[in-house]
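S.K.: Go ahead and model the full structure; you've got the sequences and the hints to work with.
Heads up: the protein sequence lines correspond to chains A and B, in order. Numbering of the first sequence is given in the numbering used here, commencing with residue 8 and proceeding in unit increments. Numbering of the second sequence is given in the numbering used here, commencing with residue 8 and proceeding in unit increments.
No wet-lab data here; the hints were simulated from the structure. Misleading hints may appear alongside valid ones.
[Claimed, not checked] Now the stretches of chain A that chain B is said to cover, found in silico as 3 or more residues with beta-carbon under 8 Å:
#, segment
1, 56-69
2, 171-184
3, 398-407
4, 416-422
[Claimed, not checked] Examples of chain B residues toward chain A, derived with CB under 10 Å:
#, residue
5, Pro-51
6, Gly-145
7, Ala-201
8, Ser-205
9, Arg-419
10, Phe-557
[Claimed, not checked] If you only want the chain B side, here are some residues facing chain A, beta carbon under 7 Å, derived:
#, residue
11, His-54
12, Gly-57
13, Met-264
14, Pro-405
15, Arg-408
16, Val-420
17, Gly-422
18, Gln-424
19, Ala-545
20, Gly-546
21, Thr-548
22, Ala-550
23, Glu-556
Note that CB positions come from ideal geometry on N, CA and C, so glycine has one too.
Number of protein chains: 2
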Amino acid sequence: MVPAKIVEIDCSTGGVSEHGVSDAYRYLGGRAMTSRLIAEEVEPTCHPLGRRNVLVFAPGLLAGTALSSANRLSAGAKSPLTGGIKESNSGGVAARKLARLGIKALKLTGQPPEDAPLRGIRITTDGVALLDLADLKGAGTYETTGKLRELYGAKAGLLVIGPAGEMRLSTASINVTDREGEPCRNLGRGGLGAVMGSKGIKAIIVDDSETQNSKASRSSGAETVSPEVRAVVKKFGAALREHPVTGERFAQYGTAMTLSNVNALGGLPTRNYSRGSFEHAEAIGGDSLYETISSRGGSYAHACMPGCVIRCSNKYVDQQGKPVVGSVDYETLCLLGSNIGLGELDQIADLNYLCNDLGIDTIETGAALGVLADAGVWEFGDYQHARTLIQELGQGTPLGRLLGSGAAVCGRVYGVQRVPTVKGQSMAALDPRAIKGMGLTYAMSPMGADHTAGNAIVLAVDHLNPKAQLEPVRDLHLKTLVLDALGLCLFTARVSLDQTSLVEECLRALVGWNIRFDGLLEQAQEWLLTERRFNERAGITAAHDRLPEFMYTDALAPNDSVCDIPQEDYDCFYDFK
Amino acid sequence: MVPAKIVEIDCSTGGVSEHGVSDAYRYLGGRAMTSRLIAEEVEPTCHPLGRRNVLVFAPGLLAGTALSSANRLSAGAKSPLTGGIKESNSGGVAARKLARLGIKALKLTGQPPEDAPLRGIRITTDGVALLDLADLKGAGTYETTGKLRELYGAKAGLLVIGPAGEMRLSTASINVTDREGEPCRNLGRGGLGAVMGSKGIKAIIVDDSETQNSKASRSSGAETVSPEVRAVVKKFGAALREHPVTGERFAQYGTAMTLSNVNALGGLPTRNYSRGSFEHAEAIGGDSLYETISSRGGSYAHACMPGCVIRCSNKYVDQQGKPVVGSVDYETLCLLGSNIGLGELDQIADLNYLCNDLGIDTIETGAALGVLADAGVWEFGDYQHARTLIQELGQGTPLGRLLGSGAAVCGRVYGVQRVPTVKGQSMAALDPRAIKGMGLTYAMSPMGADHTAGNAIVLAVDHLNPKAQLEPVRDLHLKTLVLDALGLCLFTARVSLDQTSLVEECLRALVGWNIRFDGLLEQAQEWLLTERRFNERAGITAAHDRLPEFMYTDALAPNDSVCDIPQEDYDCFYDFK
Numbered sequence: 008m009v010p011a012k013i014v015e016i017d018c019s020t021g022g023v024s025e026h027g028v029s030d031a032y033r034y035l036g037g038r039a040m041t042s043r044l045i046a047e048e049v050e051p052t053c054h055p056l057g058r059r060n061v062l063v064f065a066p067g068l069l070a071g072t073a074l075s076s077a078n079r080l081s082a083g084a085k086s087p088l089t090g091g092i093k094e095s096n097s098g099g100v101a102a103r104k105l106a107r108l109g110i111k112a113l114k115l116t117g118q119p120p121e122d123a124p125l126r127g128i129r130i131t132t133d134g135v136a137l138l139d140l141a142d143l144k145g146a147g148t149y150e151t152t153g154k155l156r157e158l159y160g161a162k163a164g165l166l167v168i169g170p171a172g173e174m175r176l177s178t179a180s181i182n183v184t185d186r187e188g189e190p191c192r193n194l195g196r197g198g199l200g201a202v203m204g205s206k207g208i209k210a211i212i213v214d215d216s217e218t219q220n221s222k223a224s225r226s227s228g229a230e231t232v233s234p235e236v237r238a239v240v241k242k243f244g245a246a247l248r249e250h251p252v253t254g255e256r257f258a259q260y261g262t263a264m265t266l267s268n269v270n271a272l273g274g275l276p277t278r279n280y281s282r283g284s285f286e287h288a289e290a291i292g293g294d295s296l297y298e299t300i301s302s303r304g305g306s307y308a309h310a311c312m313p314g315c316v317i318r319c320s321n322k323y324v325d326q327q328g329k330p331v332v333g334s335v336d337y338e339t340l341c342l343l344g345s346n347i348g349l350g351e352l353d354q355i356a357d358l359n360y361l362c363n364d365l366g367i368d369t370i371e372t373g374a375a376l377g378v379l380a381d382a383g384v385w386e387f388g389d390y391q392h393a394r395t396l397i398q399e400l401g402q403g404t405p406l407g408r409l410l411g412s413g414a415a416v417c418g419r420v421y422g423v424q425r426v427p428t429v430k431g432q433s434m435a436a437l438d439p440r441a442i443k444g445m446g447l448t449y450a451m452s453p454m455g456a457d458h459t460a461g462n463a464i465v466l467a468v469d470h471l472n473p474k475a476q477l478e479p480v481r482d483l484h485l486k487t488l489v490l491d492a493l494g495l496c497l498f499t500a501r502v503s504l505d506q507t508s509l510v511e512e513c514l515r516a517l518v519g520w521n522i523r524f525d526g527l528l529e530q531a532q533e534w535l536l537t538e539r540r541f542n543e544r545a546g547i548t549a550a551h552d553r554l555p556e557f558m559y560t561d562a563l564a565p566n567d568s569v570c571d572i573p574q575e576d577y578d579c580f581y582d583f584k
Numbered sequence: 008m009v010p011a012k013i014v015e016i017d018c019s020t021g022g023v024s025e026h027g028v029s030d031a032y033r034y035l036g037g038r039a040m041t042s043r044l045i046a047e048e049v050e051p052t053c054h055p056l057g058r059r060n061v062l063v064f065a066p067g068l069l070a071g072t073a074l075s076s077a078n079r080l081s082a083g084a085k086s087p088l089t090g091g092i093k094e095s096n097s098g099g100v101a102a103r104k105l106a107r108l109g110i111k112a113l114k115l116t117g118q119p120p121e122d123a124p125l126r127g128i129r130i131t132t133d134g135v136a137l138l139d140l141a142d143l144k145g146a147g148t149y150e151t152t153g154k155l156r157e158l159y160g161a162k163a164g165l166l167v168i169g170p171a172g173e174m175r176l177s178t179a180s181i182n183v184t185d186r187e188g189e190p191c192r193n194l195g196r197g198g199l200g201a202v203m204g205s206k207g208i209k210a211i212i213v214d215d216s217e218t219q220n221s222k223a224s225r226s227s228g229a230e231t232v233s234p235e236v237r238a239v240v241k242k243f244g245a246a247l248r249e250h251p252v253t254g255e256r257f258a259q260y261g262t263a264m265t266l267s268n269v270n271a272l273g274g275l276p277t278r279n280y281s282r283g284s285f286e287h288a289e290a291i292g293g294d295s296l297y298e299t300i301s302s303r304g305g306s307y308a309h310a311c312m313p314g315c316v317i318r319c320s321n322k323y324v325d326q327q328g329k330p331v332v333g334s335v336d337y338e339t340l341c342l343l344g345s346n347i348g349l350g351e352l353d354q355i356a357d358l359n360y361l362c363n364d365l366g367i368d369t370i371e372t373g374a375a376l377g378v379l380a381d382a383g384v385w386e387f388g389d390y391q392h393a394r395t396l397i398q399e400l401g402q403g404t405p406l407g408r409l410l411g412s413g414a415a416v417c418g419r420v421y422g423v424q425r426v427p428t429v430k431g432q433s434m435a436a437l438d439p440r441a442i443k444g445m446g447l448t449y450a451m452s453p454m455g456a457d458h459t460a461g462n463a464i465v466l467a468v469d470h471l472n473p474k475a476q477l478e479p480v481r482d483l484h485l486k487t488l489v490l491d492a493l494g495l496c497l498f499t500a501r502v503s504l505d506q507t508s509l510v511e512e513c514l515r516a517l518v519g520w521n522i523r524f525d526g527l528l529e530q531a532q533e534w535l536l537t538e539r540r541f542n543e544r545a546g547i548t549a550a551h552d553r554l555p556e557f558m559y560t561d562a563l564a565p566n567d568s569v570c571d572i573p574q575e576d577y578d579c580f581y582d583f584k
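M.R.: And the structure:
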């Protein structure tokens, strides 16, 4: 069954409405869906935390099917961080459950009065109910999910915000539970947690346990599945298993496998982007992570969503084997590691947990801490101080709120020039002076400096050659958007983008969409232009499609390179025809 | 003598260069000059605190002449507050002295290394010298001017920054000394003090005491002056004296004379723009100010620049008659008074002094304090707490730095929606829901919410009629720009804008410019478009030409009015032809 309804909750009144979708929306999913609805329904100049913003959740188009790694959930709104359109997506279990409940998009509109008690939304086969969650005010995401699972059952998937979202901090995340119910898969970027907080919603409980599909999948998993579906699901899974990266390396080393490579390329953000290599890179890299987790009895080869073959996730444990945090990942290892001078996994994992519990983006937090260290607020490498600062965020002290407002605001308030942001959002763990294609990705994405919008590190190009980037990066930009719309995890790219006919087969068999991959790329151009037009109307223009000034002028060791992709490559990026 | 040279100080090297100006610049002065140079020399996307920004000072075109109220000084740069082009102008003695030294513009370019000691610039008839002012690091503007006057003589005019500028806070001012050497005339808006701080310059000392003109003006005041000049100067002065407002009311009540009127119109920002009238308006209005100052032996009818007939300035003293602060003015009475719930002149004057000493814009500080009170950081009306917060600004605590970053950043960090800013700059003391023409002025000025860019309160219109504003406000916008370019104080408007042929006479006699006032208005259109084009290239578009959302939706008591000027009036504002 392809999900076919849009559920709207008016947070001003508590009213719930449902309607079917017209043909024009039939094959939109994930980012394509969230951005389309936002472009249609949100006034681009509205206050992002006001009643006129709309928060949209949309499972990828293939979510809810039995396909591996296809259950990404997109969330979108006007971003309080960038002021532009925002989509952020995540793994976890919620997308699958929403899709199995027939929900193509969930929209939160309006705004309750300032003093209204916190609420929750519970979605089951019986419909949508609003809950009073006033007693969870200020609770961390771990406490929140723990209590909600007690009350509403462990089978529900949860979307929750922490204190950061309640405080409406511009870098607050929405956390999605994984298969064990840990709130550690994050709709992390762009402050969507603040938008959810501004709607007065603490948690969304998605329970599909009474659906036919769910029952079926719990027993044999295939009663209702046609032979054609079964075949394509199997074929896709096999292809993932056969590739050495998606079949083995991700499972063993997780996303951290790339860290030593990036360090060797001189593109690992270190001490607020002052260097591209870190003396403790080995200690925080993939090998070290694998050895630490495996020797202590933690989990690796963990799947964040049911049925994922790739299993890049992990569960980090302390020396006693006690759980610390679900999935320590590459971006966090860098932003809360090398970028702030920390070279010990235990320290990084601890800060990662604190951020998850507060419901704050680890990338933006690490970038902001880097800027604050440059400002002299604390010293790089001082773990205890970093810890205190993140705790302050939870307490809502002025400095804590500042930290939670992101790197750009920290730079502004402290008069720092070395601020690694585009459109107000911090870069992730690839310095575009050494991985030059990332300069285009960061500058040109309507989302701000979004590493997922065309992660150039995977390209077979000379990363230091400024003239070799435009075509492959733009191509990747569009292909990545297709994956975001389909709900396919980016880490399927080695199969889904290399065997595009297989994706075509999946779409045909699973959702009845007969389209060539080239056709998808053409649609992606339109999706991207829709986002860009929203931004233009919000006041974000080509003048914002650029990297921070210091990256053009301050050479990065060890390559002594700067961002020097020709300006015309930026200027023509959107000239698709 | 018409000033004819541009002096440039390269703050990277300390190099000084001078060059003459071509005919194209001959009649540019004040804002027309600063904006022209910035548009030509500053890359609009540069970091405002970086080496590529340029800080320009330019006396008005008529500065240095004997004309009354014509010695305004403009400063301009790319603003760290708005991200766009900025001009701020001030009275005081510096413009006259720069003009008499033959300087049409003073440019600070480049940037010294981070750890370079603070420097000063001394300009005399002997030329330009750089000074080591390392020992003034962190000094308030009062201590700074006191010491510099001891060292370099009381005849010098000073431009200084306080700790706020050194800290590069986005709302730092540059303070200009008045005739008594008090640093209380402010190039207040848009954070130009931070730009000066980023250039490593603490003070500019302008000493024209050895110039021929200056000697002449000190003795009989007229040796070198032709009969034609003498006649027009006399005529202009007489016209100012004859008008009841410029001849009497300003001298007695100062700028505060308008407060009770605005309160009666329901447009006095009260407790962060939550109301348009203040229960203690009478206590902080013009009558009360006059009675307080006169009964205590302070000064009123004080001229901030030599020869000013209007004399709107004052010197506020405490109950013992001891000086508190030079010139308590309308905007400060409102923003540091009604807007933060303070209804006692002594309290407002004290906060005014603190701001002046720190070198921070009183308007933006009051607006930011209002937002912080709405956020629950402190309570409206708690004078001691407000005082502590401003002191924190000087200490550079996180909260202090936040306060010094302006109302928009405070709103962002605390998730507040009621933030009275446009393009990142706070409005001044007129709520555009009651004085509706101000909505156009605030929204459409390239400078952000700038009350001086067309102060609609002076217009003879129904201020509550949304359809009566466009033509008169646009007309005033351009006329005001003419005054800013000529160096004429806005308060001459009742003469200069009502008797435009007199302005034509002045220009002909004093600087040899044979132009009709209509011609000036045509030039003003071009000046304004130059600024607007800079902003477009900086990424500021029509989407930023709007008021904060709450002003369109939240009705203002006591009129229960909102901003409802038709959108097309905003859209066509710049269609001059």
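S.K.: A separate judgement is required for each hint: does it hold in the structure or not?
M.R.: Consistency of the hints with the structure:
{"no.": "1", "hint": "56-69", "result": "holds (count 3)"}
{"no.": "2", "hint": "171-184", "result": "holds (count 4)"}
{"no.": "3", "hint": "398-407", "result": "holds (count 3)"}
{"no.": "4", "hint": "416-422", "result": "holds (count 5)"}
{"no.": "5", "hint": "Pro-51", "result": "holds, 7 Å"}
{"no.": "6", "hint": "Gly-145", "result": "violated, 15 Å"}
{"no.": "7", "hint": "Ala-201", "result": "holds, 7 Å"}
{"no.": "8", "hint": "Ser-205", "result": "holds, 7 Å"}
{"no.": "9", "hint": "Arg-419", "result": "holds, 6 Å"}
{"no.": "10", "hint": "Phe-557", "result": "holds, 8 Å"}
{"no.": "11", "hint": "His-54", "result": "holds, 5 Å"}
{"no.": "12", "hint": "Gly-57", "result": "holds, 6 Å"}
{"no.": "13", "hint": "Met-264", "result": "violated, 36 Å"}
{"no.": "14", "hint": "Pro-405", "result": "holds, 4 Å"}
{"no.": "15", "hint": "Arg-408", "result": "holds, 5 Å"}
{"no.": "16", "hint": "Val-420", "result": "holds, 5 Å"}
{"no.": "17", "hint": "Gly-422", "result": "holds, 3 Å"}
{"no.": "18", "hint": "Gln-424", "result": "holds, 5 Å"}
{"no.": "19", "hint": "Ala-545", "result": "holds, 6 Å"}
{"no.": "20", "hint": "Gly-546", "result": "holds, 3 Å"}
{"no.": "21", "hint": "Thr-548", "result": "holds, 5 Å"}
{"no.": "22", "hint": "Ala-550", "result": "holds, 3 Å"}
{"no.": "23", "hint": "Glu-556", "result": "holds, 5 Å"}
In the structure shown, a violation is registered for the earlier hints numbered 6 and 13, in ascending order.
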